[in-house]
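> Protein chains in written order, with my numbering: chain A, 1 to 568; chain B, 1 to 357.
Be a bit skeptical, because a hint or two may be false.
To be verified - Below, computed lysine-lysine pairings styled on DSSO-like, alpha-carbon distance capped at 27 angstroms:
#1 A:232 x A:3
#2 A:474 x A:3
#3 B:108 x A:3
#4 B:325 x B:196
#5 B:131 x B:9
#6 B:131 x B:168
#7 B:356 x A:474
#8 B:131 x A:474
#9 B:9 x A:375
#10 A:3 x B:17
#11 B:356 x B:325
#12 A:375 x B:131
To be clear, the hints were calculated from the coordinates, so they are not data collected in a lab.
Just so we're clear, the structure is a prediction, and the values are computed from it rather than from any experiment.
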Amino acid sequence: MRKSTAWFVFGAVTALLSVLFFWPLGTVISGGFWVNGKFTLRYLIGVFENPIYVEGLFNSLKIALGTTLLAMVVALPLAWIANQFEFRGKAAFSALVLVPMILPPFVGAIGFQQMFGAYGMINALFGLGARDWLGGGQYAGVVLLQTLSLYPILYLNAVAALANIDPAMEEAAANLGCTRLRRFFRITLPLMMPGLFAGGTLIFIWSFTELGTPLIMNYTRCASVQIYDSLKEIGSNPFPYALVTVMLAASVGLYAVSRRLFGGRAYAMQSKASTQSAVRTLSGWRGLLAALPFALVTGLALLPHLGVVLTSFAAPGSWYQSVLPQTFTGGNYIEALGHDMTVSSIRNSLLFSSLAVAFDIVVGIAIAFVVVRSKIRLRGVLDALSMIPLAVPGLVMAFGFLAVSSWLSNLKGFADADWWPRLVDVRTNPTLFLVLAYSVRRLPYMVRSAVAGLQQTSVTFEEAAWNLGASPAKTLRRITLPLIMANLIAGTLLTFAFSMLEVSDSLMLAQQADYMPITKAIFELFQLLGTGKYVAAALGVWAMAFLTATLVGSSLLLGKKLGAVFRV
Amino acid sequence: MPVPITIEKLTKRFGAKTVLRDIDVQIAAGEIFFLLGPSGCGKTTLLRAVAGLNDPDEGRILAGDRDVTHLPPHQRDMGMVFQSYALWPHMSLRENVAFGLEMRGIGKADIQARVMRALEMVRLADRADSKPNELSGGQQQRVALARALVIEPQCLLLDEPLSNLDAKLRLEMRTEIRRICKEAGLTAIYVTHDQKEALSIADRLAVLDQGRLLQIGSPQEVYTRPGSRFVAQFIGETTFVEGRVLGWRDGRAEIETAAGIWTAQTAGGLEAGETVWLSVRPEAVQLHTDRADGPNVFNAALHATIYLGEVAQHAVELGGDISLKALETRPRLVARDDARAETRLYVDPADVQVLKA
């Protein structure tokens, strides 16, 4: 890649990301510190003096810690078993543990309440009376739900990290007399630390700022819900800005610390694995024993989905103090399809997500090319820059976009124009901001997929084409793109799936019924009295089916490398 | 059409490190020219500069009369065989070989015919529709060669093309590559670290070390008349003996060493008292000689032998703590472990190289 081209792409992308990323963030940060044209720490201090905000932050931290630790406990043994042993049904089981990713946890919460609530399935099944298994504060429920939907990210990271370790490392330890379990703690675990913490950090930040699940579970005393509740005052009250800034600082700080501690030290393997890993085949009861943890985790993780599916087929009001719904019906689906909001939400989600994906494909490939194929010094900066959206909570970004929109719609000289609010005011039409928010936050998946593709594709393939007379543009079209196509498709599917599933931006930015995406529609339907919950569940099942297809597709294309996508 | 390649004062730096310094080489049209040196010597960098895959900091590269120094690679018309072959895995052999012709806007029927001819030349016409990963290493190597040759390049560039092949195949391909290049009358630049490859295929070769060009010449010249200790020990085996010039007259020098006085035939002017190194190739050491006293006849002790069947390599101790390597065909004496065998040896003065310190 020519230097001038590389610099041009670098400049354009940096400028673009600055506008799409640093502007909203800057607006958030300045909103809490510059009030009426003056710098003040009053609101920042005020956040820490207000016992409600402090409790909210503390509870969010508790959720994040609980989720991350529990996810480690769940994912690590599974990854180790998958790496060390061969047993019947392993392929199926290791695919099944990824299934929870097909549903945003807040939708699962609807089903979960039906099963574990005071009047739910479990109590009816065992005749336990009206006991709420999710605990009074709903804390356990939130952590469990988030763990069950986020542990696959850690599992994928751990499997990728394990696959990356030259089996000779372990064989050398075994040769010196180290047992299998001790080998794991002395050799394998230290070597896989970077990958593990990459995934762990991601889970921590996501659960720290998760909005949908606490909302549905009615766990209102956490920072994310407090921020959501204060959106109405976004033009007048600096406190939410200060609160968001605190969350941002905590997330970025954690990201920076963990990257410094664990990310920069990825151990380079001296050789590509020369032998297949010393996989031991387990048969008979040993094989069953190895499969058991997978079955358990998958079963548990699928409970919310099962609850959602059952709810979607239950006649409204018929699943109450009973093991299963007493009357099954397809009516919820018919009602869901007939509802104005549903139909337009599917259309909206498809439109927003497609636009976001198109944006990400172009920008992502350009970034990946500069990062992998150019030699300009700042390419590392570009790489880091394109990854930051992973470290910044969606909630913070959404809040920032909202603030930018609110500022833009009052811009002098434009505010009176007829077309202006339709473009920039989310209260009139959130399309622009939703698409931008979706694409910026999903850009890392695209960049990672494309980077992985380019790294696996030796540059000599391109050199050979130039050597035979192909221009750079022709080489890109005939050689490079076909060779990395699998990665591009996988990146596209992931970007698309996660845009369809997006919660924070959708809940906060889409305020007009006509422009609501699916997730927001599910949330709105859920709040309707009477049939709302059941119709919401039906829409949730539709989303699940759709996302299953896309994720299965991308994991088939990427194989073990799927894990590398979820890495900061 | 093959053209001569001229490289003038070429310098290339990577950051603060200079990987090529002032390289001057002239390669005649139709010549097979080798760049030889240890890894990291800059030979691949030089080849890639000729291909246009890196941009030299100073100097010029001429293909014929055309200055191609800063021309993008796709406008140079130099077919290259990559070390990894770089066959595109998503294309069949036919498509791989046809690619360069397509880029030249050649008609479909013509392409078809030329591709098949190229594949026949490397004896792979029957596999035209296979994908590269269905082929063995040697077959892939031949496809890479066909792909580079089919465009009838001005110059063929080969970057360690045989390094991924097993020993037997490497031997076969040596003659094969030389045959193909000569039949097509190509100018070829060939990079390798394998001296046997260079000696057996090259018309001329250049030895590089640490970015500098040390010596250019025909294989025989470079082997028998190395210009420096580095070249002497990089190409072939040798033993160095340090000495001091006693006198030099009519191309014959007397040199005093710890093992006695040596006589060497050398054209270079030497001054009495100068410190020099003698380079003695193992095959030049004649063991069990019947010669009486005379120049370069020494009493010696064999004290370790590597027995290889048709030959044996001995370590031979002279006086003064000096040990030579000596090659013996049809070995008679084998000294194992601590056993020592006394013998007499002779080295022809024409086989002793005098190298300036």
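> Which of the numbered hints above does this structure break?
Hints 1, 3, 5, 7, 12 not satisfied by this model.
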